[in-house]
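S.K.: So you can see what is in the structure, the chains are spelled out below.
There are 2 protein chains.
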Amino acid sequence: MELISSNKVSGGWHKRYTHTSQSTQCEMTFAIFLPEIVNEGQQVPVLYWLSGLTCSDENFMQKAGAFKKANELGIAIVAPDTSPRGEGVADDENGAYDFGLGAGFYVNATQAPYSQHYQMYDYVTEELPQLIETHFPVSPQKAISGHSMGGHGALIIGLRNPDAYTSISAFSPIVNPSNCPWGQKALTGYLGDDKQRWQQYDATELLSHYVSPTKRPILIEQGSSDQFLDEQLKPWVFEQAAEKAGYPITLNMHEGYDHSYFFISSFIEHHLEFHAHYMR
Amino acid sequence: MELISSNKVSGGWHKRYTHTSQSTQCEMTFAIFLPEIVNEGQQVPVLYWLSGLTCSDENFMQKAGAFKKANELGIAIVAPDTSPRGEGVADDENGAYDFGLGAGFYVNATQAPYSQHYQMYDYVTEELPQLIETHFPVSPQKAISGHSMGGHGALIIGLRNPDAYTSISAFSPIVNPSNCPWGQKALTGYLGDDKQRWQQYDATELLSHYVSPTKRPILIEQGSSDQFLDEQLKPWVFEQAAEKAGYPITLNMHEGYDHSYFFISSFIEHHLEFHAHYMR
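Chains as they are written, first to last, in numbering that gives the first Met the number 0: chain A, 0 to 279; chain B, 0 to 279.
Do not take every clue at face value.
[Claimed, not checked] Over 12 Å on every C-beta distance to chain A, these chain B residues come out as not near it, computed from the model:
no., residue
1, Arg84
2, Glu86
3, Val88
4, Ser114
5, His134
6, Arg159
7, Ser177
8, Pro180
9, Ala244
[Claimed, not checked] Derived lysine to any residue pairs resembling SDA-like cross-links, with alpha carbons at most 25 Å apart:
no., chain 1, residue 1, chain 2, residue 2
10, B, Lys67, A, Gln226
11, A, Lys184, A, Glu238
12, A, Lys68, B, Leu72
13, A, Lys67, B, Gly73
14, A, Lys184, A, Cys25
15, B, Lys214, B, Glu272
16, B, Lys68, A, Gly255
17, B, Lys194, B, Pro161
18, B, Lys68, A, Glu272
19, A, Lys68, B, His276
20, B, Lys14, A, Phe266
21, B, Lys67, A, Gly10
22, B, Lys14, B, Val37
23, B, Lys68, B, Glu272
24, A, Lys14, A, Leu2
25, B, Lys14, A, Gln226
26, B, Lys67, A, Thr249
27, B, Lys68, A, Phe266
28, B, Lys14, A, Gly255
29, A, Lys67, A, Pro44
The hints are simulated quantities; they were obtained by calculation from the structure and are not laboratory data. Beta carbons: idealized from backbone N, C-alpha and C, even for Gly.
Here chain A stands alone, though its shape is the one from the complex (with noise of 0.2 Å):
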């Protein structure tokens, strides 16, 4: 593990290090903020943050406002890469920014060329915590959010580890990839063709099929002028579906925020506490 950079923010800590991963085979970057009170030797619980299409370690941790409320409430967050990068690495055959690199969705893939380093699921659920909870100090307690296609990782994960995430939230999440063009060109191309195997990366799908007796709870943050909702986004299946299964979810809809970091900035924080509460 290599440190790339690191910078006081808030009173804690953001750090950036890259790493050789087995699941992806190939050098992956993450970013970790760490909050003062690991100073006083205490061991932190830790917030996943998954991003969305296009982006990077970099722009949650740069754009969200994430840190004075988090050093606070005295909680780490990791953010990982969206997908495998580096020579070798296989993107979108026309370099499409929704497909291949900066689109790894969080599965494991299993179509060629794909398979050989898009195992983002296995990175994210596994190697990263493991990778996180040697090197610094943190406790088990785990929770995990996300925007987007991020927001989708972050219920797809949550939904099927209830017993590694205390808690799941999501700002504008792709919450039903097999029935909008950005999923379904994803799932397509790292799956194949075949839909069964997609409802293992559905959140809609894993809600409607829900049988573990832990329900952790899930938060759902959504603008109502964001340009990708009546499209790509549709919370409300979503919200059908957890009514249909007995789930309970919140899904709280925003008047004339869009899709942007300045809507997440806007409401970080309430996203921070409610995770904090769950992890305590």
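Add chain B to chain A, keeping to what the hints say.
M.R.: Just chain B now, with coordinates in the frame of chain A:
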């Protein structure tokens, strides 16, 4: 004036505009944050934020995390670009980051070819406030702040216009450009070799010769791990000049903080409160 984009954020609005500038003889872009209180027909005071080398109107607006507090305090924030731009605007001969485009240093250039467009002092102190006061629901109360090159801009503009700005603040400012590499390169390029002409754009010189009975409060934050501290910034030079001139200033040194927006975001709320107090 043309609207480029508009985002709801923290209850208020972030908007970007372009307009044709008389001062700089080119299209200029600026951003404005308007707190939600303007919806109630209230006129709000304005904090002008001047950014540092290589920045545009976007850096502060995306990274500073200022909107929640600005909305609470009911103040607008205006962020201009850091130089003229566009076809026909002369850049540094070698395309360096610290002169020319993205590096206007908030002066009125007298040297060809820069004198044609690089009239940033007039743009920021006269044309832009007039434009803002004509088109937005703002009061005449103004304050000024900035970072690095923009901290230099805030100090010189505040010191030269004590009747126009109620309060002055800066993060990691270039306080004495006549005596540091960044400043010497810029002042030579824009104003020529005659160091007499530099004095009006050098905060330490202005403070040393300050005569107005109106002494506006000055607040400066500086990180001790700033990579530019000893060669370019040297805030103690300004502090010594202030002491000699009997002009009270506040210089806060912060252990471990660097030159980045992580530093600005850590202390911006304190500066907003400082300016809001004096603009009331």
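S.K.: Against each hint, give a clear statement of whether it holds in the structure.
M.R.: Hints, verified against the model:
With a closest Cβ-Cβ approach of about 23 Å to chain A, arginine 84 (chain B) is found to remain outside the 12 Å limit, as its non-interface label requires. Glutamate 86 (chain B), annotated as away from the interface, keeps every beta carbon of chain A farther than 12 Å; the closest lies near 28 Å. Consistency note on valine 88 (chain B): stated as away from chain A, and its beta-carbon is indeed over 12 Å from all of that chain's, at 28 Å minimum. Remark: the non-interface label on serine 114 (chain B) is consistent with the geometry, its nearest Cβ contact in chain A lying 36 Å away (cut-off 12 Å).
Taking the minimum C-beta to C-beta distance to chain A, about 21 Å, the non-interface status of histidine 134 (chain B) holds against the 12 Å cut. Under the 12 Å C-beta cut-off, the non-interface status given to arginine 159 (chain B) relative to chain A holds; the minimum distance is some 33 Å. For serine 177 (chain B), the condition that its CB be more than 12 Å from all CB atoms of chain A holds, with the nearest at approximately 30 Å. The claim that proline 180 (chain B) is not at the interface with chain A holds, since no C-beta of that chain comes within 12 Å of its own (minimum 24 Å).
Distance check for alanine 244 (chain B) against chain A: the nearest CB is about 32 Å away, which clears 12 Å, and the non-interface claim stands. Pair hint lysine 67 (chain B) plus glutamine 226 (chain A) holds up; C-alpha atoms about 23 Å apart against a cutoff of 25 Å. At most 25 Å may separate the alpha-carbon atoms for a hinted pair to count; lysine 184 (chain A) and glutamate 238 (chain A) meet this at roughly 23 Å. Of the pairs offered as hints, the one joining lysine 68 (chain A) and leucine 72 (chain B) holds, with about 19 Å between alpha carbons and a cut-off of 25 Å not exceeded.
This hinted pair checks out: lysine 67 (chain A) and glycine 73 (chain B) have alpha carbons roughly 21 Å apart, not beyond 25 Å. Taken as a hint, the lysine 184 (chain A) and cysteine 25 (chain A) pair is honoured in the structure, with Cα atoms around 24 Å apart against an allowance of 25 Å. Distance hint between lysine 214 (chain B) and glutamate 272 (chain B) is fulfilled; the C-alpha atoms sit about 19 Å from each other, no more than 25 Å. Note on lysine 68 (chain B) and glycine 255 (chain A): the hinted pairing holds, with a Cα-Cα distance of about 20 Å set against a maximum of 25 Å.
Taken as a hint, the lysine 194 (chain B) and proline 161 (chain B) pair is honoured in the structure, with Cα atoms around 24 Å apart against an allowance of 25 Å. For the proposed pair lysine 68 (chain B) and glutamate 272 (chain A), the alpha carbon gap of about 18 Å is at most 25 Å, so the pair holds. Note on lysine 68 (chain A) and histidine 276 (chain B): the hinted pairing holds, with a Cα-Cα distance of about 24 Å set against a maximum of 25 Å. Between the alpha carbons of lysine 14 (chain B) and phenylalanine 266 (chain A) the distance comes to roughly 19 Å, so the proposed pair stays at or under 25 Å and holds.
Of the pairs offered as hints, the one joining lysine 67 (chain B) and glycine 10 (chain A) holds, with about 19 Å between alpha carbons and a cut-off of 25 Å not exceeded. Proximity of lysine 14 (chain B) to valine 37 (chain B) is assessed by CA-CA distance (about 14 Å); at most 25 Å being required, the pair is judged to hold. Simply put, lysine 68 (chain B) and glutamate 272 (chain B) have alpha-carbon atoms about 8 Å apart, close enough for the 25 Å limit, and the pair holds. Among the hinted pairs, lysine 14 (chain A) with leucine 2 (chain A) is consistent with the structure: their alpha-carbon atoms are about 7 Å apart, no more than 25 Å.
About 17 Å separates the Cα atoms of lysine 14 (chain B) and glutamine 226 (chain A), which keeps this hinted pair within 25 Å; it holds. Simply put, lysine 67 (chain B) and threonine 249 (chain A) have alpha-carbon atoms about 23 Å apart, close enough for the 25 Å limit, and the pair holds. Of the pairs offered as hints, the one joining lysine 68 (chain B) and phenylalanine 266 (chain A) holds, with about 13 Å between alpha carbons and a cut-off of 25 Å not exceeded. This hinted pair checks out: lysine 14 (chain B) and glycine 255 (chain A) have alpha carbons roughly 13 Å apart, not beyond 25 Å.
With a C-alpha separation of about 16 Å, the suggested pairing of lysine 67 (chain A) with proline 44 (chain A) holds against the 25 Å cut-off.
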